[in-house]
Amino acid sequence: MKFSLSRLKIISLLLILLNFCYTGYTESLNVAIVVNKNNELSDVSLVELKKIFTKKKTRWVDGKKIFLILPTFSSEERDIVLSKIYNMNDVDLKKFWLSQLFQGGISKLPKQVNSKIAVKRFVERIPNAISFINLSDVTDDLKVLRVNGKLPSDLGYLLNNKT
Amino acid sequence: MIVKIKKFLISIIFITPLCSVFADDLEEMKEQFKVLMNENKRIQQDNQALNEQLNKQKKLIDQLLDKFEELEIKSEENEISQDVTTSAEGILAEEFLPNLSIKGFSDINFIAELEDIPGVNDQFFVGQFDLFITSPIADNISILSELIFEFDEMNETVIDLERFNIKYNFSEKLNLRAGRMHTPLGYYNETFHHGTWFQTAATRPSIHQFEDDGGILPVHTVGLEIFGVLPFDTFGLKYNLSIGNGRGKKVSEIQNVIDSNSHKSVSLLLSAIPENTPEFRIGANIHLDKIPADDAATAIAARKSSIDELIVGGHIIYAGDPLELLFEISYIQHDDQLSARKYETTGLYFQAAYAFEKIKPYYRFDFIDFNNSDPFFLTANIDIAKHTIGTRWDIYSWNALKLEYSYADRDDTDNTQTITIQSTFTF
Chain U
15 MKFSLSRLKI ISLLLILLNF CYTGYTESLN VAIVVNKNNE LSDVSLVELK
65 KIFTKKKTRW VDGKKIFLIL PTFSSEERDI VLSKIYNMND VDLKKFWLSQ
115 LFQGGISKLP KQVNSKIAVK RFVERIPNAI SFINLSDVTD DLKVLRVNGK
165 LPSDLGYLLN NKT
Chain W
3 MIVKIKKFLI SIIFITPLCS VFADDLEEMK EQFKVLMNEN KRIQQDNQAL
53 NEQLNKQKKL IDQLLDKFEE LEIKSEENEI SQDVTTSAEG ILAEEFLPNL
103 SIKGFSDINF IAELEDIPGV NDQFFVGQFD LFITSPIADN ISILSELIFE
153 FDEMNETVID LERFNIKYNF SEKLNLRAGR MHTPLGYYNE TFHHGTWFQT
203 AATRPSIHQF EDDGGILPVH TVGLEIFGVL PFDTFGLKYN LSIGNGRGKK
253 VSEIQNVIDS NSHKSVSLLL SAIPENTPEF RIGANIHLDK IPADDAATAI
303 AARKSSIDEL IVGGHIIYAG DPLELLFEIS YIQHDDQLSA RKYETTGLYF
353 QAAYAFEKIK PYYRFDFIDF NNSDPFFLTA NIDIAKHTIG TRWDIYSWNA
403 LKLEYSYADR DDTDNTQTIT IQSTFTF
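Chains as they are written, first to last, in our numbering: chain U, 15 to 177; chain W, 3 to 429.
There's no promise every hint is true.
[Claimed, not checked] Not the full set, but computed from the structure, chain W residues with beta-carbon under 8 Å of chain U:
(1) D141
(2) K169
(3) D214
(4) N278
(5) S399
[As the list claims (entries may be wrong)] Derived Cβ-Cβ restraints for the label pairs, each shown as a range:
(6) P100/W to D104/U: 27 to 33 Å
(7) N101/W to V75/U: 25 to 31 Å
(8) P100/W to K108/U: 19 to 25 Å
(9) L96/U to A387/W: 41 to 47 Å
(10) L123/U to F112/W: 32 to 38 Å
(11) L169/U to L62/W: 44 to 50 Å
(12) S88/U to P100/W: 30 to 36 Å
(13) I110/W to Q117/U: 21 to 27 Å
(14) L62/W to S88/U: 32 to 38 Å
(15) V105/U to Q65/W: 25 to 31 Å
Just so you know, these hints were derived from the structure itself, not from any lab.
Note that the Cβ used here is the ideal one computed from N, Cα and C, for glycine as well.
Chain W on its own, in the form it takes in the complex (with noise of 0.2 Å):
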């Protein structure tokens, strides 16, 4: 026991002289302390003095944005605001002048038979040049023409004015046009003119060819026309009424400027197309003319009178997307003033497509049958029943490459096979 207290007091002989050591160092630490403390205050007011003049130049510089991007807004606004009111003053003012404006249209063809027929050969081809010509001349006249640029079998360079004509427009019940236009003889004739592209084949329904192609049908008519759409509850009629020179003497020839005879033909189309279903139409038309005697010494004996001719026809459109269904029919009669006779040709076409996205496949049967003993259609009639199967691929908005094959079936002559390359384009 005495032993422990021993130890003990020595313990804290020992001890207290240490203790006075750290506590003087603890008091100095704790001084130290106090003035980092003091300095860590220090730091911080000064820190959030800057925060605040930081703050209060954000606050600035949005405002000054703001203010920047309003006086953007406005200058724009009055820019816009003087092109705006330049042009409704004008507008206003009915201030017209002519505003003329050419689209291209055009395609390149490759056709390969796959028959062998003498004297018909695979061939590249260059279509028609289509130049597009169109010039509002008033606010509701307007001019419109198609030059065409083409080469014919003798591969010489041939120019066509094929339609020329002015359009006065009164209301959507009554235009009034007068020049060289197409003849309103069916849905597809007053649809697609000499722009491949717009079409969905490569190539136009047989029956509605053109005449210097070997069409039967007067595409084309020099004359006066009015149409309209006159409005019903639940569809509008539309109307096409032309009056014009008429045939000339030959097939392929269209009166441009001389009338063969003082007979005009005359033409009426009417097409019921639903308001609901506008792409939906169905129709008629009827055609009379009186064709010319052909008096020219390489004429044959049967074409020495005139024939009245009569043409009548009906369609079934549903031109939508991505169906397209064509239906179109025509008669035509022949009546000869020389020998009294009457001569009967018919021919439809049916035409499918439907539209995946940029690929369209089709597929159409063309049909003529003529009466072969037809004096006017005597270098033409050649019976047909054709099958076309193709591709069209809009490649680029303004571009489209067209696969098709079609097989013809001939009467007393060779069957054909053919393949049709063709990119269509306009510009």
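Bound conformation, chain U alone (with noise of 0.2 Å):
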């Protein structure tokens, strides 16, 4: 059967419509990258946020050595930054820990925290932490990191559930 030109146009305008329906539909999501307040980081790139969640990077500028804080509950901004900073899924994720520890990569595996007040409470209270929270979550006692220049709040924010 021979679509009429016409009638593709109307096809093609509905499937736009719906489209922009589902989007403006899905909620945005923006997951925060957290410090303490103390930290003098306040940008910092993907590409060394990367190395940071990976503990390929170890110590902040100053010398001081890194304390990464991992969530380990189930949650939306966890799936983005296994997805957008990771590159795996929480299987695999798992696997690469034991397997840095395996290498000698790593010492000891990150410091894992089951709900969204301990990671709170924890960049609160050490000086040298990183972790990620909701950015509804977070509170004045947290510093917020721009990722590559932007805010969570900026258009083209990279850790959201839109890009």
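Taking the hints as your guide, dock the two standalone chains into a single complex.
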């Protein structure tokens, strides 16, 4: 059956409209990379962030050891971090840590916590700490880093469920 | 006309009394209706009062539930805060206790030879039982050891301390390791140790076999190693520089406590890893050593002098997911100090694998070309060109099944076709 050009245009328009409706319907979720308020760092590239989160980079510019805190509870922000920073799923990440331990690349696994409150409290209390939380959970006691020059609320921010 | 009037008058006479009866009933019904209406009104008013009371109670219950939830959250927060405070204080005070961790790796295998080889039978065998033990003992110091229990050709249990070293981490650019470790001889030897669970294939590449499995490279070293990653604009340069006791008198000997000569082995490995594609690396390595003379009565004449050893290698690696491409080549030169003859051996492997979710088929080509006169390799020097195809199936997160077929074309001896089925796991 041949479609006429006008029918094709109508179908295309409908598909575009449906796409907009769907996109508009999905709630935006931004992942904030948070550090202690006393941390001098304010901007980090995605490449550097990957190194920090895979413990390839272990010290801040001032020479102090980076204390990586990883939430282990299921959440959409964790899914975004697994996808955008680690490019792995949960099981592959566990295998990655084990292989790093096995190769002598790390001497212990990163600190793992199982609640949002614990993430916030650790980052508040430990000067060298870094972790991630949902932007909506950020409080004044935490410092949010720019990633590739952008804050979580900026257009084009990489760590969200839209890009 | 008169008849009609008469009929009309008669009907009036009869209907009038009836009307009065109906009128009485109607009044009674009206009265009853009024009563019902009033009753209904009263019930409605009562209901309204009840509804208002119910609504008030519902609001109260909701408020109580909210309060309860708030108190629960506060209590949980306080508990977590206390735990976090205790942990954080410990971390801030740099309080450190050694924290021993033991992970196990092993594999169970079945091997079948499809060719009839005298003295070689199809068999089950237990692979290396690998206890991987680590313990950080300070913020930047850690201990690593790999204790292997395995069975030799006489079915006897052998215990090997394959790796045991202490590592000092100064920065990403500088680390120091001392003890027994894997010699920096390329990618595979740095990355894959004794746990088969980590590697894609069931077997190691022929060129990277362990010394006691007939391997020709000095896979293990006892000595010192400095290593790190030097950052540049678009790539990181990974380096490993080691100095160690070097080779023993035989291929399978690792000099753990006694160095048979005063010379030390030196190894340098360099790998360039692009920032944006850390799965890719390209690099080279060089290893220098002086193999001691073998003065044992059973040693052949050609081994009565020392041998200068030079190993040069290169690697191009893409270890990504789902695609894995590995290529390494090693050139070994032995300079016999007695005859002044040089012997050259070349070995390489190429491995390709692609993961489809939990299934990862792979192919590997192994090649070793010995100089058949090399006095150090006399017991091992059978040229080999081997094709291996297999599949790894990660049936569970920590258990994989591997099915492998290999065809080995060996010079001057029977070719072999081998099926290997392996269940490898970590625990």
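Status of the hints after comparison with the structure:
| no. | hint | result |
| --- | --- | --- |
| 1 | D141 | holds (6 Å) |
| 2 | K169 | holds (6 Å) |
| 3 | D214 | violated (20 Å) |
| 4 | N278 | holds (7 Å) |
| 5 | S399 | holds (5 Å) |
| 6 | P100/W to D104/U: 27 to 33 Å | holds (29 Å) |
| 7 | N101/W to V75/U: 25 to 31 Å | holds (28 Å) |
| 8 | P100/W to K108/U: 19 to 25 Å | holds (24 Å) |
| 9 | L96/U to A387/W: 41 to 47 Å | holds (42 Å) |
| 10 | L123/U to F112/W: 32 to 38 Å | holds (34 Å) |
| 11 | L169/U to L62/W: 44 to 50 Å | holds (46 Å) |
| 12 | S88/U to P100/W: 30 to 36 Å | holds (33 Å) |
| 13 | I110/W to Q117/U: 21 to 27 Å | holds (24 Å) |
| 14 | L62/W to S88/U: 32 to 38 Å | holds (35 Å) |
| 15 | V105/U to Q65/W: 25 to 31 Å | violated (45 Å) |
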